[in-house]
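Could you put the whole structure together from the sequences, leaning on the hints where they help?
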Amino acid sequence: MLKKIQYDDIECGEALATEAIDAIRELITISNDKNLLYICHPRHVFENIEEDRETKVITAVDFDSLNFSLMTRYDDYGRFSILNQFYNKGNNQFTYLNKRFSNMLRKYRDKGQENMVYPLAIIEEERSPFDNSSTYVPRGIICAKQDGILVYNNVKEKQDKVNPWQKTLQMNRRFY
7 MLKKIQYDDI ECGEALATEA IDAIRELITI SNDKNLLYIC HPRHVFENIE EDRETKVITA
67 VDFDSLNFSL MTRYDDYGRF SILNQFYNKG NNQFTYLNKR FSNMLRKYRD KGQENMVYPL
127 AIIEEERSPF DNSSTYVPRG IICAKQDGIL VYNNVKEKQD KVNPWQKTLQ MNRRFY
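For what it's worth, our numbering labels the leading residue of the sequence shown as 7, then goes sequentially.
Per label pair, the in silico range of CB-to-CB distance:
no., residue 1, residue 2, range
1, Q152, R31, 20 to 28 Å
2, D137, E60, 43 to 51 Å
3, T65, K113, 17 to 25 Å
4, D116, D15, 22 to 30 Å
5, D81, D28, 29 to 37 Å
6, I88, D28, 16 to 24 Å
7, E60, K95, 32 to 40 Å
8, L76, E132, 13 to 21 Å
9, N73, G19, 36 to 44 Å
10, D116, D70, 33 to 41 Å
11, E56, Q119, 17 to 25 Å
12, F74, D153, 28 to 36 Å
13, G19, E53, 36 to 44 Å
14, R112, P135, 37 to 45 Å
Taking lysine to any residue and the SDA-like style, the derived pairs with C-alpha atoms no more than 20 Å apart in a straight line are:
no., residue 1, residue 2
15, K162, T24
16, K9, K162
17, K105, F92
18, K10, R49
19, K117, F107
20, K105, L22
21, K113, G154
22, K162, E131
23, K9, R59
24, K95, F107
25, K10, D70
26, K9, Y142
27, K10, N159
28, K105, A23
29, K9, S71
30, K95, T35
31, K62, L8
32, K113, R59
33, K62, Y13
34, K105, D81
35, K10, E53
36, K162, N41
37, K10, F69
38, K9, N73
39, K105, I27
40, K9, E56
Treat the hints as calculated values from the structure; they're not laboratory data.
Note that CB positions come from ideal geometry on N, CA and C, so glycine has one too.
And the structure:
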């Protein structure tokens, strides 16, 4: 089912604002040392999306239509581990995003398409510590534009929709 995307619009000048860096960091930080993070264009990983034709903003996504084999077929993605995140500063998630966004925004500006945005989806592969299985979790979408970024955090939105009783149960489980 397609879900309408409500982005946080963060305006930036010549450099990224602290608010933008925090929002991006929240999406691209790997949550477990066995997990992997993938960054790619949303069209290369979701089978069912809608986008604005004029600006290329992704307006709706069916997060259940995640197709990992589609992503590997395009072979246009970044793959990151916890080692990249902490020890390889020249090849980490943030550097990858910065390079992809800078290149595409430069191309748009050179073509006179200043209202276009460039979206990237963030997918985390959660690996089971007990067997060799994996679950793929769509963490969100980041769209770069000429004067800022649009950020949609799917994980945070799901957490915000959990009722207070479930939150209490989840918190209590962490301490046992």
